[in-house]
Structure formats: C-alpha cells, structure tokens
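Visitor: Next come the chains, spelled out residue by residue.
2 protein chains.
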Amino acid sequence: MDSPCYCDLLRTAARKTTAIYDRHLAGVGLTLAQYKLLKKVDRAGKLSISELAALCDLDRSTIGRNVQVLERHDLVEETSCGDGRRCMLRLTETGRQRFAAAVPLWQAAQTEIEATLNPDQITAITALSGAL
Amino acid sequence: MDSPCYCDLLRTAARKTTAIYDRHLAGVGLTLAQYKLLKKVDRAGKLSISELAALCDLDRSTIGRNVQVLERHDLVEETSCGDGRRCMLRLTETGRQRFAAAVPLWQAAQTEIEATLNPDQITAITALSGAL
DNA sequence: ATGGAATAGGGGTATATACCCGCGTCATGG
DNA sequence: CCATGACGCGGGTATATACCCCTATTCCAT
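Chains S and R, in that order, give the protein sequences.
The working numbering applies: residue 172 is where the first sequence begins, and numbers increase by one.
The working numbering applies: residue 172 is where the second sequence begins, and numbers increase by one.
Because the hints were derived from the structure by calculation, they are not lab data.
Please read all numbers here as calculations on a predicted model, not as lab measurements.
Incorrect hints may have been included.
A pair counts as met if it fits within one copy or between any two copies, since identical chains are not told apart.
Distance condition first, Cα-Cα at most 30 Å in a straight line; then the derived DSS-like pairs of lysine-lysine [to be verified]: (1) K217 x K187; (2) K211 x K187; (3) K210 x K187.
Could you put together the complete structure from these sequences and hints?
Guide: This is the structure in structure tokens:
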C-alpha cells in the first residue's frame, strides 16, 4: 500500500549529494554540474554544444544555457569551425586551471560519499544508469 | 582511478525517473514534484509553508514558489489563522479531485520502476534517505 | 543547380531548487 | 507595557533543467 516513492527518494538523494559536492567545490567557485561540463570539454578538447549535450544526456538547450554561464565566468570559449551552424567549445586557460584545481576537491567529495554509503549501495547506484 | 561520479549517477537517475513519473502524471497535468506537494497537503489537511518545507526537506523559499504554482492552478488555497505571519494551506476542491485522479497514475509509475529495477536496487535506493 | 530535408543553435516559457535580505508580526523579559 | 529578539514569509538573484518554435546553414536528391 504505502511503498515509498522511488522518484522522491532518488530526487532527494540527488539533491543531498549535489549539496555535498557543491560544498567541496565551492572552494574554486564551481558547482558539481559545472565541474562535469568542464571535465567533458577537457576530455574532448573541442566539441559542439550538441555533442556535449549527447555526452551528458541532457537537452541541447539546457547545455546551451549552462555553457553561457561558463562563458560568462571565462571558463569556456567558442571557436568557429568550417560549419557556419556550429561553434566548437574549448576550455580557456582560466578554465583549465580552474578544472585542475577542482579535481582534488571532487575527489574529496567522492571519498566522503564512499565513506557514507555502504558498498552495496555504491554498487546499486552505479548500476542505475544502465537500468534506466 | 576513474571511479564514477556518484553525484552524477544519482542526478541522472533522478532526472530519468522524474521524466517517467511526469509522463504518467501528464494525464492530469501534474508533475511529480507537484504531486508530492498535493499529497503532503492532503495528508496534513492544513499546514503552513514552513511546515510543508520541513516535511519535504526543501528550502522554505522553494516551497513558497512551488505553492504559488499550485495556487495559480487553483489546486491549493490559503486560509488565515490567528497568526498574522502565517497562512495555512489546504487543498481546493479542484485540488482534491486532481490528486485523487493522480494517485493511480503515480501507482502505475511506481509499478513501472519496480519492473525496471531489480529488488537489490530498490532496497538500496530505499535505504539512501537514511544514509544521507 | 535548386529546392526540400536535415542539422545546429538561440530564444521564449515554465518548473524546481537554493541562498540571502528585508519586512512585518508575535512573544517574552524586564 | 515596551523593546528586543525570534519567527514566517515574500522577493531578488542564480543555477539547472526541459519543451517548443524559429532561423540560419548545410547537405542531398532530383
């Protein structure tokens, strides 16, 4: 009758963990979502908004707006490519430095989560992405 | 070295499941978040914004704005109590009907999730709220 | 070569969320 | 009985997210 709302549980867990990661990353003025974007741009070197959206499995317009924030903070810049429709994104020098400084903070958050949750939960969470 | 970002996994899982619940609830024009609010107001009968925020474990200002949406949709209304600072929320008749119609849709989403995830994952997710 | 389809992106609108600040109200200690 | 502090809430600002529509560009088939 009263099974817990799985959606609510996951949304709450996502909010709580996001707060933990954001708290760690606040030292370099990044949010977890921004860190993830910087990481993907760093890995790719250059990529378009649509490619980044596909990598993140997020809506293209969401990525477009999130990238605007990164551009305002001078972490990412656009470079033209042959195609007049697209613009390739890449990290600025500031972005590279900020990302490098953020990595150990992110790692600390990871470690905190690993210390908080039990191994079964870690395993279950890791398998979620494949199941949904 | 490259452990997956637990925060990203949970955020993605929350987005995906929210989309599933929202798709089911779209039949009555509600989102999962709105459904949860209506459910809590329904259970409580009457309660203030701060009480609702505490129940949801969300920021008071967040609840205030989400309740404004419900009021615009004529699902929730404010009633004055003795205290001039507070206003008590309760469901409107429309809100009661909408919530009643939404319950089986929510249940269908629950069932879909139970069919998608394996029991271990369900257990792990359920235990998350206590751990975080 | 041209016209229609496909692609890339921006902008509008809406919701969900959090933090901070200020304002009004209440309650309580002198 | 009044001043101070506690409380409740709205509003400002910022981010994250999604859907829709429009425009510009490119590509491809005829």
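Visitor: With 30 Å as the alpha-carbon cut-off, assign the pair K210 and K187 to within, between, both or neither.
Guide: both (22 Å within a copy, 22 Å between copies)
Visitor: Please sort K217 with K187 into within, between, both or neither, judging by C-alpha distance up to 30 Å.
Guide: Cα proximity of K217 and K187: across copies only (27 Å, versus 32 Å in one copy).
Visitor: As a check of your reading, is K211 near K187 (CA-CA no more than 30 Å) within one copy, between copies, both or neither?
Guide: Both ways: K211 and K187 sit 23 Å apart in one copy and 20 Å across, limit 30 Å.
In this structure, every one of the numbered hints holds.
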